[in-house]
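Just so you know, the protein sequences line up as chains A and F, in that order. Counting with numbering that gives the first Met the number 0, you get residues 0 to 289 for the letters of the first sequence. Counting with numbering that gives the first Met the number 0, you get residues 0 to 256 for the letters of the second sequence.
These are calculated hints, taken from the structure and not from any lab test. In this text, all values refer to a predicted model and were calculated from it rather than measured experimentally. Hints may be right or wrong, so weigh each one.
What the hints assert, rightly or not - BS3-like cross-link-like pairs, simulated, lysine-lysine; straight-line CA separation at most 25 Å:
1) A:Lys57 - F:Lys155
2) F:Lys200 - A:Lys59
3) F:Lys200 - A:Lys55
Unchecked claim - Chain A is nowhere near these chain F residues, computed Cβ spacing over 10 Å in every case:
4) Asn35
5) Asp50
6) Thr70
7) Gln80
8) Thr86
9) Thr89
10) Glu94
11) Ala116
12) Thr120
13) Leu121
14) Arg130
15) Arg148
16) Gly193
17) Ser215
18) Arg236
19) Tyr247
Claimed, not checked - Facing chain A, from chain F, some residues (calculated, C-beta under 10 Å):
20) Asn71
21) Gly72
22) Gly108
23) Pro153
For every residue, glycine included, the Cβ atom is placed at its ideal position computed from N, Cα and C.
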Amino acid sequence: MNRPELRDYTSAEASGPLELELPVVRVIRPVKRRVRLRHLPRDGPVIRVLAARDFKVKYKQSVLGPLWLVFQPLALLAAFFVAFRNLADVQPGIPYSVFALVGLSVWAFFQASMIIGASSLISNSMLVRFTPCPRFAFPTAAILASLPTWAVTTLAAGVVAAATGTLSPRALLWPLGLVWLFMLTWGVAALAASFSVRYRDILAAMPFLLQVGVFLAPIGYPLNQLGGAAQRLVELNPLTGLVEACRWMMVSGYHVSPRVICFSLATTAIIALAGWRVFTRLETTMADNI
Amino acid sequence: MSAGRENGARPVAVSARSLSKRYRLGEHRSLQQTVNVVLRRPGATTPPSLDALVDVNFTVNRGEAFGLVGTNGSGKSTLLQILAGTTLPTGGEMEVHGRVLPLLAVGAGFHGELTGAENVTLFGSSLGIPREVIAQRMDAVSSFAELERHMDTPVKRFSSGMLSRLSFAIAMQFPADVYVFDEVLAVVDGEFQGRCIDEIKRLHREGRTVVFVSHSLDQVSQVCDRVIWLERGRVERDGSSDQVLDAYEWRHHSPET
């Protein structure tokens with residue numbers, strides 16, 4: 000007899016409201032990991048419901064509601080204009096508004112995802128402790144709930160690029176950029192969320208890290224204007240190559256260094272894999288430690 | 000493996016084989032203690048541990064109403080958590096046949112900002128119940144909870160009684176093979192409690208497996224035909240509910256509530 004899989008019972012479709020199902024056997028025993036990659040499609044529905052909840056809750060009892068999606072990046076854009084364009088007078092070689100908006104589309108998504116994602120297990124502690132809800136769903140849903148933020152800023156970048164005549168046909172590649180962004184954000188969020196179950200320091204550090212982070216990636220300024228040690232430091236940030244690649248896709252005549260892109264791709268792969276390994280390893284004890 | 004059939008012809012719903020669970024006690028180790036342990040400095044201590052379950056064996060047959068009694072800390076909740084799949088044992092194994100619907104805490108998993116109906120959908124999908132089934136059962140849930148007029152209100156405005164009625168309604172109206180109730184009838188009023196007991200009995204009559212935990216021995220004897228008595232993580236007694244409850248009462252002189 001082949002070994003029954005843990006939690007496979009969810010695949011047994013209920014034939015009707017209170018119909019007895021065909022019992023699917025699962026064996027619960029001490030294992031290091033019980034979640035496998037092939038289980039993910041099964042968790043789709045609950046991830047969708049959680050993502051919808053995370054998005055709805057963000058704007059409940061707020062008058063402006065989803066309009067905040069527009070205001071937040073707009074305010075950051077205004078601040079960038081004052082700091083980088085007027086004060087530091089950066090010259091990205093392309094219209095600064097396009098340059099900054101593409102950077103902001105990546106950053107706003109990353110920031111929004113991390114704010115909910117890092118604390119997603121703690122804020123759902125009742126679900127983690129008392130229901131068999133797949134824990135993988137919590138950080139994933141937090142990231143999906145941030146997709147509207149990404150869509151709004153990316154659309155704005157596209158529109159401004161088209162208006163300034165700099166929109167590149169490579170913009171058709173944007174799904175690749177989104178997949179990359181998603182993998183990187185998921186990896187970081189999964190790491191932060193799984194460690195935060197034990198070490199709340201993560202949550203204390205998050206606002207500070209995000210505040211610093213926006214300056215440690217070429218979101219508002221061009222990488223090549225840094226020069227020297229500072230540039231090499233910023234190039235270590237996995238977001239750097241991603242932001243540069245997104246600009247290259249969106250804007251014609253924008254030049255990027257393949258070395259930076261490749262380095263970022265490699266670190267993204269490492270972070271996503273580490274996130275998966277760490278999350279699935281700690282997942283079995285989350286209900287006990289939270 | 001015996002293909003889920005033990006005790007002759009009756010199919011098995013849940014079985015535990017030398018199931019054990021050990022918790023590490025206290026807060027997690029501070030950085031300094033961790034360094035001490037890693038460097039094997041003197042003064043490094045292994046944290047104390049608690050055996051919540053020790054070598055627990057039992058088999059629940061399909062369609063049985065099965066009760067767990069024991070004092071606080073006897074391991075009842077740990078056992079149910081393992082059954083529900085929220086935590087793993089540290090030894091032994093448990094075999095579960097079919098979908099489990101656990102009600103381990105009233106209002107667990109409800110989000111205050113979401114409406115009653117949205118929370119029902121959330122809870123149902125967290126159990127892996129398909130959306131169509133949730134939509135189908137929504138009216139049954141709201142009428143069982145007597146909350147038809149409140150299903151579009153955020154549950155943060157619900158009273159605790161309304162919350163527990165909604166919790167119960169979900170548990171009673173969604174399809175599963177094994178229903179698990181952990182000490183959840185304590186917070187609702189007598190009238191609703193009576194209805195819940197009736198509903199649990201109905202589930203039992205329909206052939207569902209029910210696992211029921213309560214400090215009220217009266218409720219346990221009303222619902223269950225078979226009871227296990229846990230004492231400090233070990234099975235003290237396993238048998239018909241009358242026998243085990245009599246023995247348990249004799250030991251603890253606990254007054255009926």
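Verification of the supplied hints:
no. : hint               : verdict
1   : A:Lys57 - F:Lys155 : holds (15 Å)
2   : F:Lys200 - A:Lys59 : violated (40 Å)
3   : F:Lys200 - A:Lys55 : violated (38 Å)
4   : Asn35              : holds (18 Å)
5   : Asp50              : holds (14 Å)
6   : Thr70              : holds (21 Å)
7   : Gln80              : violated (7 Å)
8   : Thr86              : violated (4 Å)
9   : Thr89              : violated (6 Å)
10  : Glu94              : violated (5 Å)
11  : Ala116             : holds (12 Å)
12  : Thr120             : violated (6 Å)
13  : Leu121             : violated (5 Å)
14  : Arg130             : violated (6 Å)
15  : Arg148             : holds (20 Å)
16  : Gly193             : holds (21 Å)
17  : Ser215             : holds (21 Å)
18  : Arg236             : holds (24 Å)
19  : Tyr247             : holds (26 Å)
20  : Asn71              : violated (18 Å)
21  : Gly72              : violated (15 Å)
22  : Gly108             : holds (4 Å)
23  : Pro153             : holds (7 Å)
Hints 2, 3, 7, 8, 9, 10, 12, 13, 14, 20 and 21 from the list above are not met by this structure, while the remaining hints are.
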